[in-house]
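Protein chains: 2
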Amino acid sequence: MYIFVSRACIAAVGCLLGAVSIRADEGMWLFNAPPLDRLRQDHGAMPTAEWLLHLQQSSVRFNSGGSGAFVSADGLVITNHHVGADSLHKLGDETHDYARDGFAAATRADELKCHDLELNVLVSIEDVTARVQAAVTTGMTAEQAFPARRAAMAAIEQESLAATGLRSDVVTLYQGGAYHLYCSKKYTDVRLVFAPEQQIAFFGGDADNFEFPRYNLDICFFRAYEEGRPARVPHHLDWATGPVAEGDLVFVSGHPGHTDRGNTVAEIVSMRDHVVPFQLATLNRLEALYGAYAARGPEERRQAMGDLFGVQNGRKARQGVLAGLLDPRIMAAKRQAEVDRRKRLEDGLAGGTSPYVRIEQAQATLDGIALRHRLLEGGLAFNSRFFANARTILRAVEEQAKPSGERLREFRDSNRESLELRLFSDEPLYGEFETAKLADSLTWLATTLGGDDELVTSVLAGRSPRDRAGELIAGTGLGRRPDPKSGSAPPDSRRALYDGGPAALAASSDPMLAVAKLVDLESRSLRRIAEEADEVKRQAHAEIAASQFATEGTAMYPDATFTLRLAYGSVAGYGEAGPRRIAPITTYAGLFARAAAKRETPPFDLPARWNELRDQLKADAAFMATPLNFVSTADIIGGNSGSPVVNRDGRLVGVIFDGNIESLVLDVAYDDRRARAIAVDAAGILAALRTVYRADALVREVVVAADGRR
Amino acid sequence: MYIFVSRACIAAVGCLLGAVSIRADEGMWLFNAPPLDRLRQDHGAMPTAEWLLHLQQSSVRFNSGGSGAFVSADGLVITNHHVGADSLHKLGDETHDYARDGFAAATRADELKCHDLELNVLVSIEDVTARVQAAVTTGMTAEQAFPARRAAMAAIEQESLAATGLRSDVVTLYQGGAYHLYCSKKYTDVRLVFAPEQQIAFFGGDADNFEFPRYNLDICFFRAYEEGRPARVPHHLDWATGPVAEGDLVFVSGHPGHTDRGNTVAEIVSMRDHVVPFQLATLNRLEALYGAYAARGPEERRQAMGDLFGVQNGRKARQGVLAGLLDPRIMAAKRQAEVDRRKRLEDGLAGGTSPYVRIEQAQATLDGIALRHRLLEGGLAFNSRFFANARTILRAVEEQAKPSGERLREFRDSNRESLELRLFSDEPLYGEFETAKLADSLTWLATTLGGDDELVTSVLAGRSPRDRAGELIAGTGLGRRPDPKSGSAPPDSRRALYDGGPAALAASSDPMLAVAKLVDLESRSLRRIAEEADEVKRQAHAEIAASQFATEGTAMYPDATFTLRLAYGSVAGYGEAGPRRIAPITTYAGLFARAAAKRETPPFDLPARWNELRDQLKADAAFMATPLNFVSTADIIGGNSGSPVVNRDGRLVGVIFDGNIESLVLDVAYDDRRARAIAVDAAGILAALRTVYRADALVREVVVAADGRR
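Respectively, the protein sequence lines represent chains G and C.
Throughout the first sequence, residue numbering follows the working numbering, covering 1 to 710 in sequence.
Throughout the second sequence, residue numbering follows the working numbering, covering 1 to 710 in sequence.
There's no promise every hint is true.
Pairwise CB distance ranges (calculated) [stated by the list, open to error]:
1. Glu406(C) to Glu576(G): 33 to 43 angstroms
2. Leu521(G) to Leu371(C): 25 to 35 angstroms
3. Gln400(G) to Gly462(C): 55 to 65 angstroms
4. Ala332(G) to Leu518(C): 18 to 28 angstroms
5. Thr457(C) to Thr353(G): 25 to 35 angstroms
6. Ala332(G) to Leu371(C): 19 to 29 angstroms
7. Thr353(G) to Glu406(C): 34 to 44 angstroms
8. Gln361(C) to Thr457(G): 20 to 30 angstroms
9. Glu94(G) to Ala337(C): 44 to 54 angstroms
10. Glu576(G) to Leu518(C): 44 to 54 angstroms
Not close to chain C: a few residues of chain G, all C-beta gaps over 12 angstroms, as computed [claimed, not checked]:
11. Ala207
12. Arg344
13. Gly379
14. Thr447
Derived by calculation from the structure, the hints in this document are not laboratory data.
Quick reminder that beta carbons are idealized off the backbone N, C-alpha and C, glycines included.
Chain G extracted, bound-state conformation:
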């Protein structure tokens, strides 16, 4: 449909890390500033505006933290199993484990409505930098500047929401160098259509996570609904007519969550020595907790598996980032790059403190409060959805009394619908599991701050953490409890408290609400300190970005911010040349070989359905040769999971589900020697749907879409 001129060979790569200039296939580009020159130069590709708009509006953001794409005109969305997992877990109960066993709706009427899933489709982007920056005037302190900026952003968002009815978010780019208004269409009635078994979606489990070669059917289908009917969407991606081949140029459209490439050395050292080690310690603790809880029995396993996979995945991801930060070559390159930039900027300074120094100071402030900030404002000391709900209700009532622009940002009017979707979620909360989580985090609060800390003793109220957690969970009514064991728990009072305002809050005896109140004064104060330090950094980064634009040009991309980005790259293997080189594409034959090599010991076992069909599948040469996963040099990071991978024709050739372990360093620096994005091959998906799952309606829907109307 959309035509590209010619096909360039894969750019020869291997530049040193941390070089200042952008290197081959690097970049998570803004859709309003695509890398047209580089695409033409390196790949002979010239995407048209129409091609870009079609890809943009076919792309879907999962607000729970991933990406996806429309693949039929009837609102059918493809993403990863692991992106859908949050919904799959919440939909389960004692007799249904959709995450483990998969799901297939026989008809549209059987599609299962998710409890709190919101999808966004980016409709427009507008540069509002000037208006946001104008709110902050010379001479303002950070204490004055932060609320002024927040108010300007909220006003822009509110105006946009009123004018368009679209979700409107002002996004901070280049760490404060630019501000863009993103308007998105929002879908809050989203239903589960199809998911394979966990065991094939996540074949190889934690062991193979972030590894390649790989053999994962990590997919899941949802459908967006409007007014109770499947949404008629203006754009969706057609399925490609054939699989990818080595050397193919591919594009990835998705929502990379967060990168730190623009950070100064001071910020990166803090990441290396404080932030990431702290995250890892937390993830290790939670992995032990969830693992132990899951081992108690099959029902406990079902309750905890979603959280367990999440922390295992996070642990491995953070380990990868940390390995990069501890690689002296990477740090040396970062330092070298900063020396040059910094000198240029500081030489041109008319006066005042260098922005690099201001960032260093702000970072020291942040490091100083980090522990209590994470425990209280980050909520890590109160690891229970009941607590999160309590705090949301408490603050919503307090913030509602202020003008929208002066509220804590998440309580602005334009965000209300999304906030309420989450707060009033029908997600089931299990008393024993919530108690185990809360007891663990209260224990950790006590040991981190010390058992005699005043906050600790007042939170624990003379009980041990375990007893206190039991009492809080047993006594709170701030969530839905389907657990028959919690029959004596108070009824769900979220709505009454939220709607009841200050009087209802004051009259409530909910013990979790009392804890939220108890810590909120310090928590809000820590947040204010952090926001002001961030404001200092934002202003400093704006100066650095301006200096960089001036000397290096504006043909650069900002760090990832969980907004829609365009990446591109080649399907390419990696490693030393010769027999140990890793080929870029795996097949179903490889899946069976890998399972056999591991004696089908979990996590290398196959689901029952696959075992039953084993002989038939292995006799089917075409099936066995079908590509299952492939890697490319596209520049991705966490949040890109579920991102559509398209070819030059804009047709779907795959769905990103992972990066290899060498790609995790992409958080701080791009490197295409060994870093690769891993996708499920679209041809492999169709083959499984047809041959293994006999999901004929689904196949018809995507294939008719692809081969019929267009």
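Please arrange chain C on chain G, whose structure you already have, making use of the hints.
For chain C alone, coordinates are given in the frame of chain G:
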């Protein structure tokens, strides 16, 4: 054989925690100071000296960290599967997994010699307090006192070794209040006789660990050899003729590893806020590491399982201790008890600083260096046996040049044989696993001290932790590598370096030895600071103990020190009266019921052998009714695993394998309301050996021993 006079009813219990006086069934008593009055008073039991000596000399210490007992005149030893696990793992290879699959020697010739297992049998105890205390004279600084005391202890040990040929250890009791010389017969040729499958030994896994009711056949048999033949041992325990019943008085003879009941509040606060949280963070990290490594495949699982179980067990144990420390009632009781004692002591002080204050100061010193001390001297930064071997060799050569009394304590002459047994162990070391462990611990070193710390950068030598670990493990020859993948690794050079002295060390290019050298200066200096602070505490505790003996009498027991102790208690259930009360004895019927209730999902599945016999076993009413596990109020702690439990007749009725979760607080305070010691029932063991394992020779050996000769 040995007769007790009458049978008292179970002591009514329920006193408040932390009361000063010793309460019912409390105590880990010295065999040279048994609680005769209490036994007579509370239980009408009057064990004779002969009875005590027989139990003492039938008891066996596993130097790897557990307890056991001789159960035949031919040196047959019973212990727990989890105590034997270290040896089971080391004996395994790519095609044998004895820990998982169990082992049964068909004949004595088939018994498998362990790589580095040492058993000790306590022969005599002598009070040498006066001589040790005399070495430290008034006016000595800690810097002078510590080596003086060390030299006195080494001299006593050396004399004893020369005179008796027995392993001779001067043991510090009452935190420094007394010193006893323990002489033990040592067995270093120990062979594996029988082990059941891990799945029945550890049925319920981590989920049921430290829980009750319980259904674990946690046993293992070894045999001590002398001069290549089964050792003829003068004492062994006869099997009881019937199972225990609720209310029975039982005795436990074993080696509780460590308790902290005599610690001052300052020391306990440090445990609560620093030591235990740090241990937990370490264990959580290692649990994630070993779990992830084990998930890579069946062979990796075999390599890592021993370590994984160890850290899971440690994690749950430390969580229990921490829960106790964070229980305000326990801390309040500790504080209250100290107030009274302290006042009494300080009122009587002629002058000088209160020992409580000196302990507080020494604890502050210890807390100040704790992190680097654990990383370096504790070796936590270098988590590989290769490193431990490198350090042992390095220091052995250096220390050898000094008189025995001036050496680091583990290098004293009287300990040489034990040290060499461990250093030259045939334990297999796997390159990939050692690399994963070392990379993880080096990463942790770097993040804990900061990536720019001087020690960190010199240890890493310009590499990332992962690369550096790979290089060190690939290049070291300080261990045995059976791994075919490590074919290009250097040959085992432990013996040559150890025997070669300073010249060989200087000439060696072993990279792990170089790292051990690099950190040894700081490591030794940290150790010296810690030892001097400990000396300050030891002197202060001696004063506190003297004051306590004077006012409260000497009928008390010292904190556990991994030396032989006698505990006693009643077979007793716990919990509220009524249907929820936990009965003290479980049966094989309960095992099958528990498995069914958990849908036989791992870790609640049964081994293949048990599944095959399932119908037969379930039809065998006598088997199903046989006791499997039971609990008693005996006062135990980690290290007691494998301890024989005997009845008034001194006959074996069980083998301790665990305490319930409520017992973990016994580290700091005894509490018999809910704390219970868990044992495998001796009758249950015989039933399984007969009916499930058909281990006729083994049954004959223990039953003939019990019913024949005596």
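Against the structure, the hints come out as follows:
1. Between Glu406(C) and Glu576(G) the CB atoms are about 54 angstroms apart, so this pair departs from the stated range of 33 to 43 angstroms.
2. The hinted range of 25 to 35 angstroms is satisfied by Leu521(G) and Leu371(C), whose Cβ atoms lie roughly 32 angstroms apart.
3. Hint check: Gln400(G) to Gly462(C), Cβ distance near 57 angstroms, so the stated range 55 to 65 angstroms holds.
4. Checked against the hint of 18 to 28 angstroms, the pair Ala332(G) and Leu518(C) passes, with Cβ atoms roughly 22 angstroms apart.
5. Our hint of 25 to 35 angstroms for Thr457(C) and Thr353(G) holds, since their Cβ atoms are close to 30 angstroms apart.
6. Checked against the hint of 19 to 29 angstroms, the pair Ala332(G) and Leu371(C) passes, with Cβ atoms roughly 27 angstroms apart.
7. In this structure the supplied range 34 to 44 angstroms is violated for Thr353(G) paired with Glu406(C), their Cβ-Cβ distance being about 58 angstroms.
8. Between Gln361(C) and Thr457(G) the C-beta distance comes to about 25 angstroms, which sits within the given range of 20 to 30 angstroms.
9. Evaluation of the 44 to 54 angstroms hint for Glu94(G) and Ala337(C) yields a pass: the beta carbon distance comes to about 48 angstroms.
10. At about 32 angstroms, the beta-carbon gap between Glu576(G) and Leu518(C) misses the expected band of 44 to 54 angstroms.
11. Once the 12 angstroms rule is applied to beta carbons, Ala207(G) is inconsistent with being away from chain C; the minimum gap is 4 angstroms.
12. Listed as outside the interface, Arg344(G) is consistent with that label: its C-beta sits roughly 25 angstroms from the nearest C-beta of chain C, beyond the 12 angstroms cut-off.
13. With a cut of 12 angstroms on Cβ distances, Gly379(G) stays outside the contact zone with chain C, its closest approach being about 20 angstroms.
14. The Cβ of Thr447(G) does not lie farther than 12 angstroms from every Cβ of chain C; its closest approach is about 4 angstroms, which violates its non-interface assignment.
Figure legend: structure checked against the earlier numbered hints; hints not met, in rising order: 1, 7, 10, 11 and 14.
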